[in-house]
Amino acid sequence: MSQRSAPDRTVWVVIAIVTGIALLFIPFSRFVLNVNYDYTLSTVAVGGALLGIVAGVLGCFAVLRRESLMGDALSHAALPGVGVAFLIAGRDLGVLLLGAGIASWLGVLVIQAITRTTRIKQDAAMGIVLATWFAAGIALLAFIQSVPDARQAGLKKFIFGQAAAMVQSDVQLVAIVAIVMGIVLTLLWKEFKLITFDLEFATANGFRTGLLNALLSTMIVIAIVLGLQLAGVILMVGLLIAPGIAARQWTHRLDQMVILAAVFGAFSGAVGGIISGVDNTIPTGPMIIIIAFTLVMLSLAIAPQRGLLWVVLRTRSDRRRFAAQTTLRDMYRYALSHQNARHPIPVAFIRGITGSQGVTGLKQLEAQGLAARENDAYRLTPAGVQAAASDEANQRLWDVYREYSHALDLPQVNEDRQKDIRDVLPAGAVDRLQQTLEGTHA
Amino acid sequence: MANPQRPPALLVDDLTVAYNSRPALWDVDLEVPEGVLMAIVGPNGAGKSTLIKAVLNLIPRSAGSALFYGKPYEKARSLVGYVPQRGSVDWDFPTSVIDVVTMGLYGQLGWLRRPGRRERALAMHALEQVGMASFADRQISQLSGGQQQRTFLARALVQDAQIYFMDEPFAAVDAVTERAIVDILRELRARGKTVLVVHHDLQTVEEYFDWVALLNVEIIASGPVSTTFTPDYLRRTYGGRVSALADSAAVVGGD
Chain A
188 MSQRSAPDRT
198 VWVVIAIVTG
208 IALLFIPFSR
218 FVLNVNYDYT
228 LSTVAVGGAL
238 LGIVAGVLGC
248 FAVLRRESLM
258 GDALSHAALP
268 GVGVAFLIAG
278 RDLGVLLLGA
288 GIASWLGVLV
298 IQAITRTTRI
308 KQDAAMGIVL
318 ATWFAAGIAL
328 LAFIQSVPDA
338 RQAGLKKFIF
348 GQAAAMVQSD
358 VQLVAIVAIV
368 MGIVLTLLWK
378 EFKLITFDLE
388 FATANGFRTG
398 LLNALLSTMI
408 VIAIVLGLQL
418 AGVILMVGLL
428 IAPGIAARQW
438 THRLDQMVIL
448 AAVFGAFSGA
458 VGGIISGVDN
468 TIPTGPMIII
478 IAFTLVMLSL
488 AIAPQRGLLW
498 VVLRTRSDRR
508 RFAAQTTLRD
518 MYRYALSHQN
528 ARHPIPVAFI
538 RGITGSQGVT
548 GLKQLEAQGL
558 AARENDAYRL
568 TPAGVQAAAS
578 DEANQRLWDV
588 YREYSHALDL
598 PQVNEDRQKD
608 IRDVLPAGAV
618 DRLQQTLEGT
628 HA
Chain B
4 MANPQRPPAL
14 LVDDLTVAYN
24 SRPALWDVDL
34 EVPEGVLMAI
44 VGPNGAGKST
54 LIKAVLNLIP
64 RSAGSALFYG
74 KPYEKARSLV
84 GYVPQRGSVD
94 WDFPTSVIDV
104 VTMGLYGQLG
114 WLRRPGRRER
124 ALAMHALEQV
134 GMASFADRQI
144 SQLSGGQQQR
154 TFLARALVQD
164 AQIYFMDEPF
174 AAVDAVTERA
184 IVDILRELRA
194 RGKTVLVVHH
204 DLQTVEEYFD
214 WVALLNVEII
224 ASGPVSTTFT
234 PDYLRRTYGG
244 RVSALADSAA
254 VVGGD
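Chains as they are written, first to last, in the working numbering: chain A, 188 to 629; chain B, 4 to 258.
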């Protein structure tokens, strides 16, 4: 149980830290950076946080379904839709996003058609559509800008995103979508989890997987399209996948991953929005991505178990521990072969059989008081002899476990011979192994 | 073995499946009586997995039908358990062993309802059956191949189905896991279940199974192992290229 609850707690600690930083950021920015939280900036902060939550949550599924690249193609493909919608209906956010969504869907349909009917693979098909659609979008925006019309001012901001363009009604729209998606996700949680893990099994179990798949994909598309005005078509994929990737490092549970991704997304969206909102010359998209990927880098480096830092440290301590254990064993056997557990063992012998590992091992054993140096030899201390003997007994019990666990009907555990078998198996099981051991040697 | 009053556990009729207008299965007829352990054997590309998937409506059929205890699949879902190939999923998915096993109950729970204490207890029981109880809270990314396979098996056991379809459960597992799977198969048979297993190892067919279907796009033969797993039928299935056949054939021929 303790194994389960420790990582469970980690996630809440991380959430508390991120929330704490976010809360500290407000007074920090106000007094140190002289940020004035007026109406516009508050809107940007709230809108950015909400969009970050939506993108982060749905992004988890995009990452787990291996659709990160599809997300990138989708967001690039949205640009011509923005242009066409503007030409038809003018600068109304709802209409622009609708146009973006339609263009994205068309892009996906074309990708699927190419993959199905030609020998072109999906990644190449996505590349084709992404580039073509984006080029068409750029051309369309250039055309629109050549026409003198004051309303087209905000349009270019769809490329890199501009949080300052957000108004209160935009935030309301995002809030409604976020609530609806939250409800759908809660109600269909186990279904979405199942189709993401094992689509075939879900189908065989009678779930309407076609429908569920379409629903989940549509929600991912909506998250992308909504985020366009904040992060822009080029970098939207970053806001989509970065929170999920960062969150994945901290937990092995889908529910925790999604919650943590929401927090990371909100943090990136809000802080990125505020920073670029203070100075309009900084586009929001790059700002958000810098923050989001800082979170990814930090997570990759320091997350427990998976983090690179821990991997390096663990590898080092493992190497020392294994070296000490091996050397102790070698020394004990050598000494016993001279009929005395405390027989001195020449350094040359230890060097000779295990090389540098032996040297490392000797240092460890000496530090732990299990061996002591005497001129050109080492001698096991009484504690060392005891440790070696109990290790030997432990290994013998593991041998018996491997051979007889099935016959004795013992619980199946991972055979981790570095651990004391008494810590792994229940007491009764070890007693029976001991009896078997004595029986086989009697 | 089959009760004439009861419909067979599985009745496949004129099943044809085609990929890009090349048939993967051709006009397959198959009748599986209740309570048998059946191996589906045949060379690579013979359509063994395709047969299971087509029967379970996972891929479209060009023609034909499949009846489970006389009922079409839509009406027989609760009778059917499925163990996909373990390579078909991402084992780095963020979830635990017991969670995966509980997924076997999602179908019975239906829409909107969440698994609770009862489901956890059932999943735990299934894990005990496959000898994985102490792994319940383990992350699935930490499992060995054999443990993955047993987790999948537990997920199917928890469904308490009448007829099980297993896609290569013996592929790349160690001897201990193979033993454990065989024990479970036998226990299922003892409880009157029917089990169909896509199998690769001809050497163990006679030891593990009592029923066999020889498949190479078409059904070459199906029936009791003693009368069906013969050198003649095997040669017609594999084209006499497999050296392992010689041993198997010698055993059968020696009778």
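These are calculated hints, taken from the structure and not from any lab test. Every residue gets a Cβ at the ideal spot worked out from N, C-alpha and C, and that includes glycine. One or more of the hints may lead you astray.
Stated by the list, open to error - Facing chain A, a subset of chain B residues (Cβ under 10 Å, in silico):
no., residue
1, LEU70
2, GLY84
3, PHE138
4, THR233
Review point. With a cut-off of 10 Å, does the beta carbon of GLY84 (chain B) approach a beta carbon of chain A closely enough for the hint to hold?
Key: GLY84 (chain B) check passes; min Cβ-Cβ to chain A is 9 Å, inside 10 Å.
Check your understanding: If you take the shortest Cβ to Cβ gap from PHE138 (chain B) to chain A, is it below 10 Å?
Key -> With a closest approach of 8 Å, the PHE138 (chain B) hint holds.
Point to revise | Restraint satisfaction for THR233 (chain B) [CB to CB of chain A, less than 10 Å] | key: 33 Å, violated
Check your understanding: Taking the closest Cβ pair, is LEU70 (chain B) under 10 Å from chain A?
Key -> 16 Å, violated
When the structure is compared with the earlier hints, violations turn up for hints 1 and 4 and for no others.
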